[in-house]
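K.L.:
Please build the complex by placing chain B on the supplied structure of chain A, with the hints as guidance.
There are 2 protein chains.
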Amino acid sequence: MAIHEDNLAFATIEELAALLAKRNISPVELTVLFLQRIDRQNSAVNAFLTVTAELALAAARRAEKAFSRKRGASRNRNPLLGIPVSLKDNLWTRGIRTTAGAKILRDFVPTADATAARKLFDAGAVLLGKTNMHEFAYGITSSNPHYGDARNPWACDRITGGSSGGSAAAIAAGLCVASIGTDTGGSIRVPSALCGTVGLKPTFGRVSVFGTVPLAPSFDHVGPIARSVPDAAILLGLIAGRDPLDPTSSARRVEDFRGALDKPLRKFRLGRPHEHYWKKLDSEVRRLAEAAVRDLEKHGAVVREVSLPHLIDSLQAATDISLAEATHGHQAAGFFPADAADYSKEVRQRLEAGEQITAVKYLAGLDVRKRLLAEFDAAFQDVDAIVAPTAPVPAPLIGADNVVIDGEEIGVRPALVGMCRPANFTGLPAISVPCGFTREGLPTGLQLIGRAFDESTLLRIAHAYERTHEWGQRHPRL
Amino acid sequence: MAIHEDNLAFATIEELAALLAKRNISPVELTVLFLQRIDRQNSAVNAFLTVTAELALAAARRAEKAFSRKRGASRNRNPLLGIPVSLKDNLWTRGIRTTAGAKILRDFVPTADATAARKLFDAGAVLLGKTNMHEFAYGITSSNPHYGDARNPWACDRITGGSSGGSAAAIAAGLCVASIGTDTGGSIRVPSALCGTVGLKPTFGRVSVFGTVPLAPSFDHVGPIARSVPDAAILLGLIAGRDPLDPTSSARRVEDFRGALDKPLRKFRLGRPHEHYWKKLDSEVRRLAEAAVRDLEKHGAVVREVSLPHLIDSLQAATDISLAEATHGHQAAGFFPADAADYSKEVRQRLEAGEQITAVKYLAGLDVRKRLLAEFDAAFQDVDAIVAPTAPVPAPLIGADNVVIDGEEIGVRPALVGMCRPANFTGLPAISVPCGFTREGLPTGLQLIGRAFDESTLLRIAHAYERTHEWGQRHPRL
Chain A
1109 MAIHEDNLAF ATIEELAALL AKRNISPVEL TVLFLQRIDR QNSAVNAFLT
1159 VTAELALAAA RRAEKAFSRK RGASRNRNPL LGIPVSLKDN LWTRGIRTTA
1209 GAKILRDFVP TADATAARKL FDAGAVLLGK TNMHEFAYGI TSSNPHYGDA
1259 RNPWACDRIT GGSSGGSAAA IAAGLCVASI GTDTGGSIRV PSALCGTVGL
1309 KPTFGRVSVF GTVPLAPSFD HVGPIARSVP DAAILLGLIA GRDPLDPTSS
1359 ARRVEDFRGA LDKPLRKFRL GRPHEHYWKK LDSEVRRLAE AAVRDLEKHG
1409 AVVREVSLPH LIDSLQAATD ISLAEATHGH QAAGFFPADA ADYSKEVRQR
1459 LEAGEQITAV KYLAGLDVRK RLLAEFDAAF QDVDAIVAPT APVPAPLIGA
1509 DNVVIDGEEI GVRPALVGMC RPANFTGLPA ISVPCGFTRE GLPTGLQLIG
1559 RAFDESTLLR IAHAYERTHE WGQRHPRL
Chain B
1109 MAIHEDNLAF ATIEELAALL AKRNISPVEL TVLFLQRIDR QNSAVNAFLT
1159 VTAELALAAA RRAEKAFSRK RGASRNRNPL LGIPVSLKDN LWTRGIRTTA
1209 GAKILRDFVP TADATAARKL FDAGAVLLGK TNMHEFAYGI TSSNPHYGDA
1259 RNPWACDRIT GGSSGGSAAA IAAGLCVASI GTDTGGSIRV PSALCGTVGL
1309 KPTFGRVSVF GTVPLAPSFD HVGPIARSVP DAAILLGLIA GRDPLDPTSS
1359 ARRVEDFRGA LDKPLRKFRL GRPHEHYWKK LDSEVRRLAE AAVRDLEKHG
1409 AVVREVSLPH LIDSLQAATD ISLAEATHGH QAAGFFPADA ADYSKEVRQR
1459 LEAGEQITAV KYLAGLDVRK RLLAEFDAAF QDVDAIVAPT APVPAPLIGA
1509 DNVVIDGEEI GVRPALVGMC RPANFTGLPA ISVPCGFTRE GLPTGLQLIG
1559 RAFDESTLLR IAHAYERTHE WGQRHPRL
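Chains as they are written, first to last, in our numbering: chain A, 1109 to 1586; chain B, 1109 to 1586.
Just chain A, with the same shape it has in the complex (with noise of 0.2 angstroms):
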């Protein structure tokens, strides 16, 4: 192979799709180079919890057939051809066996496959397999008890971060070039901070969420992991819209988001809010976030003070709500109590807590998240985007019950959720794009948080910053 390895392993999906259009490699070269790397370095940070090599394969030499059938110079409209993926194992795969890192579903083969992967197959990408991830999605580090924990390929004795751990960290260690993740309290965003990567919460509806196993539905939402925002853009656009089978998904245009980040940014609204977020930080943090704020000024931003009074209210709040409906979706599907042994005791305690929710307490809870999303569309009459770090410190060392801010002991869990939990409550679109190196050497993310699909908005200001930075060009040894 004529280019260098690393030159493949981190590229993006853009670079990959022009190298694939100039046939300066083939789809199985490609498919290759990954299961090779996988094979290599997987066990470093147990990404994948199941390697789909010889479906890889197949699916590498049909795109290589699409790829002979399409003569001379056109132009390949279909980026994803070829391009090999991994999903979060929470996604149904048909045939394929799809855990959600739980014990409990140790052998469950979905017959059919969740719309986001199907989408993403018919789109020609290779999928190269399935992530590791926090039990049923239900916690934030993915360490997990039944497979094993996922590890930060930039220090592989702390965590990913969760729950989509192995999809950051397989992109940020060169096992696979994008990932589809789910978010119910961060999960897309908290790995995607801790590992390096640019993670995308849609607006709720945005993506269909058929064949995702479900943890909170009113907060559970499909998202893109990628290595640069132009990335996550093509595969939101490719995976949005709407799904006769999914009734919670909305008919809005899809639009091209893509296309969107061509479009130059002049002067833009950036909102800081006054409550939570920016107020208790890890101190690298602090320092690259404003310094990232620093640096969306100059890239014509106008930044604001804006006021969201029940944040505070609304993480208790959200908490309730999703331990319930957590609990409630356990219930249904028959799994707890019934199988309460094969469940990890922190997932058994929080399924536990979950029946002690009274309704009306879910229904106050309900009520402030009508307020709460009344307060940022108030605020989004002023901005165009809530600035904010992703989490309030990288990424802590695995096995760890908490985290020091400014000399205060505060839980990993409540600490990594916090900031990202306002956007599922109100189920508004957030990204998380990388936001430079502490000294230690560990990635942190910034957040942006935006209005009712109005992912674009999102996605072009990301990228504004995104471009000026060179960290992308930074990669883990493992």
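It is worth saying that the hints were derived from the structure and are not from the lab. Hints are supplied without guarantee of correctness; some may be wrong.
Pairs involving identical chains hold if they fit within one copy or between any two copies, as the list cannot separate such chains.
[Said to hold, decoys possible] In silico lysine to any residue, SDA-like type, Cα no more than 25 angstroms apart, as pairs:
1. K1453 to G1519
2. K1178 to A1126
3. K1387 to R1559
4. K1388 to Q1439
5. K1478 to Q1439
P.N.:
Same frame as chain A, but now just chain B:
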């Protein structure tokens, strides 16, 4: 007055509108007649909690001016102009006390009108007063410890049914022409069946609930109570439609419900549920309802059996959900537990029971709701409406805790709510139309449940049935 009082007191909106248009009577004369009747007879039935005599006369004078502006033979296109009506006392009336039958609201004077009330006022209807009801609409008898029990005009030792008991009793007793009520678990239909009026619970979202004291928001409906099906159609057409003040109100086009009644009804299909509705019935109710079905067959109905297996589960699920929603609402309003001592024991106990419902039970109930709605949808592939009695018994005695059906004791509340609640749970439209008198001389009601937003079909079937009987000519003697 040349026209006999009974011909006016028991006339329909349509009949009175014709007399008013022809100047056979004036709005002020009509209003005075009804105010005098209320003065003489309200003490027998306790239908009105507040009589707004001065405001009524002022409105009648305004209507009189509007009539005199209408020169020549121009047909009256606003049938409500000058018509004396009442409103259930849980509909806000600006400047007029609105108690919701509750001691807690004894001094509550709203600063805005309920949307349904405002639409009536805008049409020139004359408000005679606010009608008695079950405390906070949270009961099915209209027995009221704070303001006295509503009494059935057909037998004053019997309940009116509830919670809109005063509205139905006022119409039945000739104390107003029509009324607007609310229906959370049969509260429009049950008093209509027990007092011999027509009561329509529209589709959820069809009529704005803005300005009603809420009970269980996902079950609450505003709708007409009237002397005839055409009157109910006229009122529905007036109060229906999207309301920016009620985000749950639907933007569906409001049809000409009254006009639809003039189209001939030929063949139509009625479904008799296999489950629940036709099982436990008082023998007189059964005799009259079976006769009504035979009458409908004579009018072109093809009657077939339909199956709604989740009906049984739905009764408990609906109870759980509405208990929780009611308690949440009273907590959010600050009434409960702060003013616990000011509730009747019955309502207080129900609010306490609502505190005990868990969120997972609430969510499981929502699943049952979806399944039941799917079963109704499937049934409506085969039939145009479901037919059933409205209540399994005629009006019970005031103070009775139980009724006896087939030798079995059953609580008054589950008996009266049981056949109505499914339409609240699913949001499907349902009408109760008089169905003849028991040998004891008590009215009964026939219920028709229809497709979402297809009130027209219900009204047409009810009207075809109603036209062939003279029950509207029979009046109670107080």
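K.L.:
All hints are to be evaluated individually against the structure, with a verdict given for each.
P.N.:
Hint check:
1. K1453 to G1519: within (17 angstroms within a copy, 45 angstroms between copies)
2. K1178 to A1126: Intra 14 angstroms, inter 77 angstroms, cutoff 25 angstroms: intra-copy only.
3. K1387 to R1559: Within one copy only: 23 angstroms inside a chain, 53 angstroms across chains, cut-off 25 angstroms.
4. K1388 to Q1439: Neither: 37 angstroms inside a chain and 33 angstroms across chains, both beyond 25 angstroms.
5. K1478 to Q1439: Between copies only: 17 angstroms across chains, 27 angstroms inside a chain, cut-off 25 angstroms.
In this structure, only the earlier hint numbered 4 is contradicted, and the remaining ones agree with it.
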